[in-house]
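Q: Okay, here's what each chain looks like letter by letter:
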Amino acid sequence: MLLVEAVPSSVAPAVAGPHRLRFHGRASSLFGIHIVNVFFTLLTLGLYYFWAKARVRRYVFGQTEFDGDRFLFEGRGLEMLLGFVKAVVVFGLPLAALNYVPPFLEVGRAVTVATSLAAYGLVLVLIPVARSGARRYRLSRTSWRGIRLSFRGRTLEFVRVFVGGALLSAITLGLYYPAFVVRNHGFLTRHSYVGGARFDFDGRGPDLLVDFLYAVLLTLPTLGLVWFWFVAAKRRYLWQHTRLGEARFQSTITGGRLLRLKLGNLALIVVTLGLGWPLASVRTARFLCRHIWLEGALDAAAIRQEIQTATATGEGLLGLFEADLDMG
Amino acid sequence: MSWSGHYLDGRSAERRRATAQVTASGLEIITEDGAVRQWPFAQIRQTQGRYAGEPVRLERGGAAAESLIVEDVGLLTALRQATNGPRGRFHDPRRRRLRAPLTLGAGLAAVGLALGLYVWGIPTLAAATAHLVPTAWETRLGDEIYRRLVRPEDRCGDPERQRAIDAIVARLTEAGGTGAYRLQVTVVDWPQFNALALPGGQIVVMRGLLDRTDSAEMLAGVLAHEAQHILRRHTTRAVIQHASTALMVAAIAGDVSGLAAFALEGARAVAALSYSRQAEAEADAEGLRMLLRARIDPTPMIAFFDRVVREEDLEEPNEGLRRYLTTHPANRERVARLRSLAAGAPAGARLLAGADWAEIKRICGG
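Residue numbers (the working numbering), protein chains in the order written: chain A, 1 to 328; chain B, 329 to 694.
Please keep in mind that the hints were generated in silico from the structure rather than gathered at the bench. Hints are all accurate, no fakes.
If you want the footprint, here are the derived chain A segments under chain B, 3+ residues with CB under 8 Å:
{"hint": "1", "stretch": "42-52"}
{"hint": "2", "stretch": "145-157"}
Across the chosen pairs, the derived CB separations fall in these ranges:
{"hint": "3", "chain 1": "A", "residue 1": "Ala-118", "chain 2": "B", "residue 2": "Gly-504", "range": "35 to 41 Å"}
{"hint": "4", "chain 1": "B", "residue 1": "Gln-409", "chain 2": "A", "residue 2": "Leu-95", "range": "54 to 60 Å"}
{"hint": "5", "chain 1": "A", "residue 1": "Leu-122", "chain 2": "B", "residue 2": "Asp-482", "range": "30 to 36 Å"}
{"hint": "6", "chain 1": "A", "residue 1": "Glu-295", "chain 2": "B", "residue 2": "Glu-481", "range": "56 to 62 Å"}
{"hint": "7", "chain 1": "B", "residue 1": "Ala-370", "chain 2": "A", "residue 2": "Glu-306", "range": "25 to 31 Å"}
{"hint": "8", "chain 1": "A", "residue 1": "Ala-118", "chain 2": "B", "residue 2": "Arg-422", "range": "56 to 62 Å"}
{"hint": "9", "chain 1": "A", "residue 1": "Leu-175", "chain 2": "B", "residue 2": "Asp-482", "range": "34 to 40 Å"}
{"hint": "10", "chain 1": "B", "residue 1": "Pro-487", "chain 2": "A", "residue 2": "Leu-95", "range": "36 to 42 Å"}
{"hint": "11", "chain 1": "A", "residue 1": "Leu-223", "chain 2": "B", "residue 2": "Arg-667", "range": "57 to 63 Å"}
{"hint": "12", "chain 1": "A", "residue 1": "Leu-45", "chain 2": "B", "residue 2": "Glu-610", "range": "23 to 29 Å"}
{"hint": "13", "chain 1": "A", "residue 1": "Val-88", "chain 2": "B", "residue 2": "Gly-362", "range": "52 to 58 Å"}
The C-beta atom is built at its ideal place from N, Cα and C for all residues, glycine as well.
Whole structure, please, built from the sequences with the hints as guidance.
A: Right, here's the structure in full:
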């Protein structure tokens, strides 16, 4: 029989921060996973790619700890494959049709131009559909302390925010761009949840404008390096305006640190002809975990489970458009 | 034997210290508040704890599952012993030692697979799929490559002389055999001794090659050869092959996204593509037939190839010629085969009768 210490109460008070992230992953393990993934991907002529993606993500999430507990990613290769197929059929084929069919039919120039414009418009709409869809999928398959994350923003609403912001950025010759970035991020953050606890974002559109203008002006004299400082300032700003309940995220990402990280990663990948990417990924994850944390009281008992469903179509659609810039 | 860790109830993010022990029917979990939970073996699944340093996570239940997290992998061994049940449900920590050799094996096998695909798989695949690509796509692809390859200012567009070159193309194609393709020849002001065919019908002739032709018939020979690369879809096949190879390299290097970018990157390298020996022989023979159908004297074409072969025998072929030779391997055998194919052909009517070829050749000015 086992004797259990009697604990007076299970009502734990909210614990004050800092609530730290830690990355435990090792490049050697990630490299091993990658080698096996390459083998199966070649063997299946690429079909295994989706399972490979799931395995890498499962490893990376499982090695990331927040406040003492690791994340768990439960996405599956098969659902990602089906999501990709669905994205190709529902969105990819109409897009390809708009692009390729008119020249083939030898219709008039006006029709060709009109369909090309329609294709551009469709892409502009599909990018936010993909981004919010991928976020919905990824968060729904991720949990922390047994509590599922979720994204509950309405896709149409994000399309409106994104397309409106993109057009405004174009009309203002880029002046609106920093506000565009902040508003997109704000929308995605404000509709993200851990269980029933919603993330909040209190950044305001114009705040990054001065940094942005500095970066534009200093691009030539600094040979573009100033953008590392802008990106760092942007990330600090976005994190510091993100809250979870009473707690607020903090970040010490600086331009110099970001530059060191990126140059190091670039050198690693170039020297190893690409094979060094697991180490580069691990360096990036460690960097992010070291320089981002949550400060303030976090009441774990108040974070209640609420489960939302999601399909992998948005994930597949994002795969059609852009590189996986995040880890795995 | 009991294991300590913590327990999550799946309803809130609060974690409770817990101890667990394996009983005859399952896992007994006692949390710090004194509550006792029984998890029958059949309902337990493992979701984490397969890698060194990763705690073991066991779960029970559906979507809002309860979890038990224990650092010590000994729990897995105990569970395996107690269940003796279906293999693979609980990770065997001893198997981690096998991981390094298995990974090495997978790595070696992957290298073998990659080589096999490169040498045999991709060429076979490219040959099979090249014929399935609609001509409209080929044309579009060719136009895209052309746009990336040739800057507008490099184009030699003198209208009078271009008309003469277009007349040669018209002569070559009037006897048919070009299907849905519309051949279009562009001379570019590059010093290289080369010509290249793009999918869909574009042929780019470089000034260095045009300068070395003595007559319209010689150029017609080169054009007929390049046209066959297009009509027989050698170029499309080469582009597919190149793109697939780039994709495979990307898969190995860990970045499989941005498929379109890779495809275009491959397309840009089309200038450096070479065709197989068999494709060259095919283009030679069919090109010659094309000349004969158009009633163009094949002798200058053969003389031109002969000249290329002779210069190859010289000690130091110039840089441009060397490049042409690497993309168009010429040899005596090829010339001999052409001679035998052309034997007995009628001389044919002069191309561009009355025009001064030396004058037309100056399409790039100077």
